[in-house]
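> Here are the chains, one letter per residue:
Protein chains: 2
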Amino acid sequence: MGEQKHIVLTSHPPKGDLRPPEVVWGAPDAKTRGPVIGSNNTPQQRNVIGVHSGAYGLYRALAIAAGTLDPVHKPDLTNTSPTDQIGPFPQWAQPEKIVSIDPYGHMVAQVFAEQIASGLDIRPTIAITKARIHLPELREAISAGRLTPDNAILSPSGEASVTKAAIEPVWYLPGIATRLGVDEGELRRTLFEYTGGMFPELVTRGDLKVFLPPIGNISIYILGDLEAFWDPDRPVACRVHDECNGSDVFGSDICTCRPYLIHGIEECVKSAQAGGAGLIVYNRKEGRALGEVTKFLVYNARKRNPLGDTAAAYFERTECVAGVQDMRFQDLMPDVFNWLGITRIDRFVSMSDMKHDALVAQGIEIGERVPIPDELIPPDARVEMDAKKAAGYFIDETVSKPTDLTEAQGRDLDDY
Amino acid sequence: MGEQKHIVLTSHPPKGDLRPPEVVWGAPDAKTRGPVIGSNNTPQQRNVIGVHSGAYGLYRALAIAAGTLDPVHKPDLTNTSPTDQIGPFPQWAQPEKIVSIDPYGHMVAQVFAEQIASGLDIRPTIAITKARIHLPELREAISAGRLTPDNAILSPSGEASVTKAAIEPVWYLPGIATRLGVDEGELRRTLFEYTGGMFPELVTRGDLKVFLPPIGNISIYILGDLEAFWDPDRPVACRVHDECNGSDVFGSDICTCRPYLIHGIEECVKSAQAGGAGLIVYNRKEGRALGEVTKFLVYNARKRNPLGDTAAAYFERTECVAGVQDMRFQDLMPDVFNWLGITRIDRFVSMSDMKHDALVAQGIEIGERVPIPDELIPPDARVEMDAKKAAGYFIDETVSKPTDLTEAQGRDLDDY
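Same order as they appear, the protein sequences are chains A and D. Here the numbering used here = 1-based position in the first sequence + 20. Here the numbering used here = 1-based position in the second sequence + 20.
Pulled out of the complex, with its shape left as it was, chain A reads as follows:
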């Protein structure tokens, strides 16, 4: 396709009539805020840097190159609208409250119906649907008596109905800069330079304030009645979980990720059964956002440490390999809570002070903090737990700080 046409450059703003609609971030309503347009079909309409679908934009481009996808395909959004109503909330009209999500991302077909009819290619950046989840651990929790089926929230066979949403990153660069406490120009320049020159528009197009970064999306799972999020008299339980494919999918026993996720889901079931709701936020931040290759390199360095794989060397080994102990930015994580209009979490299923402090900094009240029960910690994961506790991860009164950080020894590489 397209052999004849010349390459469309985006490094300079279009002139005159071609000017796309302006995005007024944090405006009081959708109409004033304006649509985010990241489609390539009509380049002159684009008012962002990057494309939709995060990293999957690369696959879309590959499909076009291979000739299997019509480059000017426009999605038919019939019947795709959200299964549940979320927002608008006052937080949506406060520019500093949400900087990495388009709060109107799920309702574009509704709030921008006029513009879409007039030919603007506006696409949802959020999708909301329903699902029934079927987890073997919930069946085990029922047998173990930790959970009781009620045929509404939880079936005797361990099935639970949820509302779930997929949320693509939509970064408002001035807001991201403020949130991270850096200068916007410096942020743009660093994002450009340290991604190997990805998107020169980051430095040449100061007029484009919105960036669709090629990273993974957020997934959220809601158990119980959404309304409980907005009713101070009904309990809300929540687990903010950062992806760990090795544990979440394959059940690797070197960490507590899946056990803690499951514990979070159990707490959500209980909260829903108590007339409230439960929320799981799943962020694609594999290996503390260092990626899985770095994570596996660190595993080897830990296991081969002549002093043994102990909590004492846990973070130090990570920093040697990665240059930093943790590359996750919890600073942006609270945005999804502000999008959901949540101002209070009664039971927060996490030991992470980073997560807790980031939420509190955004004005989200946290009641109880719920650590993972000891019996759910796999033996080889003791090293991680001790390291985290010693590093000041939250511990409730019933758990004592480990005094000897060499006590828990991880499995040796020869023991697999």
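The set of hints was computed from the structure by calculation and includes no laboratory data.
DEER-style ranges, computed between Cβ atoms:
1. A:S177 x D:Q105: 43 to 49 Å
2. A:D170 x D:W250: 51 to 57 Å
3. A:W250 x D:D104: 48 to 54 Å
If you want the ones that stay clear, here's a sample from chain A, every Cβ over 12 Å from chain D, calculated:
4. G54
5. A113
6. E134
7. E247
8. P252
9. T330
10. G361
11. A410
12. A411
Heads up, incomplete: computed chain A residues facing chain D, CB under 10 Å, no partners named:
13. Y79
14. N99
15. T145
16. P156
17. F219
18. I274
19. K305
20. K323
21. N325
22. R337
Only a predicted model underlies this, so the values are computations on that prediction, with no experimental measurement involved. Every residue, glycine too, gets a C-beta built ideally from N, C-alpha and C.
Given the coordinates of chain A, work out where chain D should sit on it, guided by the hints.
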């Protein structure tokens, strides 16, 4: 950091002494092939487009912007080397056999020791480690009598030891173009244009043949003895699995993804117990590489179809929303088999003709094809199964093609 220094542009080749080492893809040995250098610490050394860690390169840039990561940090790779020896294999020296992986990615510290000592910042793009996986479904398979513990491959408590690897995408653009049957210039231009202008180097730097795309990595899990991969007399079972977060992690019952993955792992255990090996290849291609937002939009369109959620409309609904039924490129998938030196799969746990044909096209022999047992298919996933069977996904003789594609009806949105 860096307020004073000017922005390093990469849109034109460096001059003279600054010229980085050349990459001779598919050369007979590592020394001749040369290292892939994607680090930003020493821009003049770079010989690729993009940076390491795929999409996580964005987080690295954010960490630098936030001042938490030293931009010139060099990883200390002490004790990070692979736990298992893989290669070199003849396939590594055939440019057309592997086009999306750096076959030397796990052994850079070894094969490029000289260059690293001389100051080149060469990083691993593959990491190999060991793990013990602990899946509740394996415990259930033991109780159900489908699996028998042997205290070696599988413990009575359902634990299995594995060798696993994380593999970052390293695209040799001329090879990718050949594999997809398109002109390299057209591929580069399309990748540039349809990602919203990501990496102008794709079009301005024809001299840079290697691209590190910001997409997810591949994970592989190996059960049993690696040596079996290279011994024609020992059985090899394999499941090539494309990510489905909703099912793989949360057990959503609308599809067969996790059940099929678990079935694949069970087959791998059996193959390992029979003196062979098993391989799970896990690709980050959420929602057929359409991304999770599109996937959820399609779920709603299917569930709200006035004719009901039936196999008849399954693919059609996807195409309306996404413009294509499937955006996965199985064409590149076989690279990991050529990297592993695998030429034969005795039991291929997949119904996908796309996957089968892609492997066979790369000269990988496939014995038996193993469909998912009917009892493992969740009720709401019948629609997907009928649609796939009708679309010509592999069916063994014992399974008949569905005659009535409206027979299986998915759960209505009101039934959640």
